[in-house]
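Enquirer: Chain by chain, the residues:
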Amino acid sequence: MVALATVLAASLQHVALAYSALLVAVALSVPLAVLSLSSRTLASVVMTGANLAQAVPSLAIVAFVVPLLGIGFYPALIVLVLRALLPVVKNTWIGLSNVDPGIIDAAVGIGLTNREITWRIRFPLAYPAFFAGVRFAAILTNSVAVLTALIGSGGLGNLIFEGIAGTNTQTLLAGALPAILIAVLVDAGLAALERRVVYEGA
Amino acid sequence: MTDGGMLELWQDYHLTARTVEHLAMFSVALLLSMIIGFAVGVFLSRRRRFAGVSFAALNTLETFPDLALLVVLIPLLGIGAVPTIAACVLYSVLPIARNTYTGLTSVSAGHVNAAESIGLTEGEVLVHIRVPLALPMLAGGVRIAVVFTMGIVTLGGLVGAGGLGVPLQTGIFNNMPDLILLSGAWVGLLAVLFDGVAAVVERRLTRRYGQW
Numbered sequence: 001m002v003a004l005a006t007v008l009a010a011s012l013q014h015v016a017l018a019y020s021a022l023l024v025a026v027a028l029s030v031p032l033a034v035l036s037l038s039s040r041t042l043a044s045v046v047m048t049g050a051n052l053a054q055a056v057p058s059l060a061i062v063a064f065v066v067p068l069l070g071i072g073f074y075p076a077l078i079v080l081v082l083r084a085l086l087p088v089v090k091n092t093w094i095g096l097s098n099v100d101p102g103i104i105d106a107a108v109g110i111g112l113t114n115r116e117i118t119w120r121i122r123f124p125l126a127y128p129a130f131f132a133g134v135r136f137a138a139i140l141t142n143s144v145a146v147l148t149a150l151i152g153s154g155g156l157g158n159l160i161f162e163g164i165a166g167t168n169t170q171t172l173l174a175g176a177l178p179a180i181l182i183a184v185l186v187d188a189g190l191a192a193l194e195r196r197v198v199y200e201g202a
Numbered sequence: 203m204t205d206g207g208m209l210e211l212w213q214d215y216h217l218t219a220r221t222v223e224h225l226a227m228f229s230v231a232l233l234l235s236m237i238i239g240f241a242v243g244v245f246l247s248r249r250r251r252f253a254g255v256s257f258a259a260l261n262t263l264e265t266f267p268d269l270a271l272l273v274v275l276i277p278l279l280g281i282g283a284v285p286t287i288a289a290c291v292l293y294s295v296l297p298i299a300r301n302t303y304t305g306l307t308s309v310s311a312g313h314v315n316a317a318e319s320i321g322l323t324e325g326e327v328l329v330h331i332r333v334p335l336a337l338p339m340l341a342g343g344v345r346i347a348v349v350f351t352m353g354i355v356t357l358g359g360l361v362g363a364g365g366l367g368v369p370l371q372t373g374i375f376n377n378m379p380d381l382i383l384l385s386g387a388w389v390g391l392l393a394v395l396f397d398g399v400a401a402v403v404e405r406r407l408t409r410r411y412g413q414w
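Residue numbers (the working numbering), protein chains in the order written: chain A, 1 to 202; chain B, 203 to 414.
Worth double-checking, as some hints may not be accurate.
Stated by the list, open to error - Label pairs and their computed distance ranges (CB to CB): (1) B:387 <-> A:97: 27 to 37 Å; (2) A:97 <-> B:278: 37 to 47 Å; (3) B:322 <-> A:68: 40 to 50 Å; (4) A:94 <-> B:406: 22 to 32 Å; (5) B:323 <-> A:103: 36 to 46 Å; (6) A:40 <-> B:278: 24 to 34 Å; (7) B:277 <-> A:114: 50 to 60 Å; (8) A:195 <-> B:255: 14 to 24 Å.
The set of hints was computed from the structure by calculation and includes no laboratory data. The C-beta atom is built at its ideal place from N, Cα and C for all residues, glycine as well.
Working from the sequences, and respecting the hints, build out all of it.
Expert: This is the structure in structure tokens:
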């Protein structure tokens, strides 16, 4: 049996890694999406990056970072932020830019400034797309955080890899089950948050 | 580091054979995902009361970390290509099924009514009206599946499935930046390439069957 304390410590490390990366990614992607609204060049650079980042397998991204940044917790964090950043930016930008022009005209007509339009019209209407991006990114960071154990980030991935190496099903499950549980809980939490915010905003 | 060095690495780590293994698993997994995903999508679009609960189940499945899903399958299916392909399929059925369902059910009622009024059966409406109009959505699901499948096949190297995950893993464990870059870049390139192929096939099909 794997000691409960070990599993708890690994879970905490996993959560800290995966979801601090998600927070950083969201904090970076909202301003980036707003900037992309006003600059076509930035928008096309960001969207191309987003498509590429989704096309390259996670394991390859994890592997790429070793020669560049070395191993450990912070290189893993950077991998995760990059992996989560682009889907969130892309979805947020799609949501912000696909607002019915009639609504924007109406907002301009009643004298709202550009900034007011962005925050009070575009953002509330973009919430569904934004949340779809964040939920996708949350699932992604959770699963990539398992992989980054390969480059020494610690967390539940350690138990899983230990289990694979020793063909020890119990160790393996001690790592896998909490990871699954965390993902399901976070996804449910984000879904609940989305319902509240979207109903209030819409 | 010279090109000769990379070529040597390519030969030393049997990258040609690894690529063949990789693409074999990739094709089988993608084909299975497409068959199952389209079938589930079509079924749910015709029996919509099952759609809510089915998609909730598939969404939950999607929240599993891919590596965790892969290793959970090991006690059931052993190690190697079989659990890898199973994990790919479990992951890729959702995007294909959801896009198929959304595409087929969002065809305008006007088109469907017109087709029914000239006497087409439900099956004919599906084949001649709904599928052609939903082609971009169907292709979108397949493109997501292409990317997922490529990524999970790479992970399969960690559980003894062979493929390009093996040299990548060797590079990580033995701290060999050249090997990591070579095999990592090659997998990334393959993913982008197949995504591009899917995009081209989509455009061809849409031009031929999708426009009215």
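Enquirer: Is it true that residue 323 of chain B and residue 103 of chain A lie within 36 to 46 Å of each other by Cβ?
Expert: holds, 42 Å
Enquirer: Quick one: are residue 195 of chain A and residue 255 of chain B within 14 to 24 Å, going by C-beta?
Expert: Hint holds: Cβ distance 19 Å, inside 14 to 24 Å.
Enquirer: Does 27 to 37 Å hold as the CB distance between residue 387 of chain B and residue 97 of chain A, or does it fail?
Expert: holds, 32 Å
Enquirer: Determine whether the Cβ-Cβ distance between residue 94 of chain A and residue 406 of chain B falls within the hinted range of 22 to 32 Å.
Expert: holds, 26 Å
Enquirer: The hint says 50 to 60 Å between residue 277 of chain B and residue 114 of chain A; measuring C-beta to C-beta, is that right?
Expert: Holds - the Cβ-Cβ distance for residue 277 of chain B and residue 114 of chain A, about 57 Å, lies within 50 to 60 Å.
Enquirer: Range first: 37 to 47 Å. Now tell me if the beta carbons of residue 97 of chain A and residue 278 of chain B are that far apart.
Expert: Given range 37 to 47 Å: holds, Cβ gap about 45 Å.
Enquirer: Is it true that residue 322 of chain B and residue 68 of chain A lie within 40 to 50 Å of each other by Cβ?
Expert: About 58 Å separates the Cβ atoms of residue 322 of chain B and residue 68 of chain A, which means 40 to 50 Å is violated.
Enquirer: In this structure, is the beta-carbon distance linking residue 40 of chain A and residue 278 of chain B contained in 24 to 34 Å?
Expert: Taking Cβ atoms as reference, residue 40 of chain A and residue 278 of chain B lie about 50 Å apart, which means the hint is violated.
Comparing the model with each numbered hint stated earlier shows that hints 3 and 6 do not hold.
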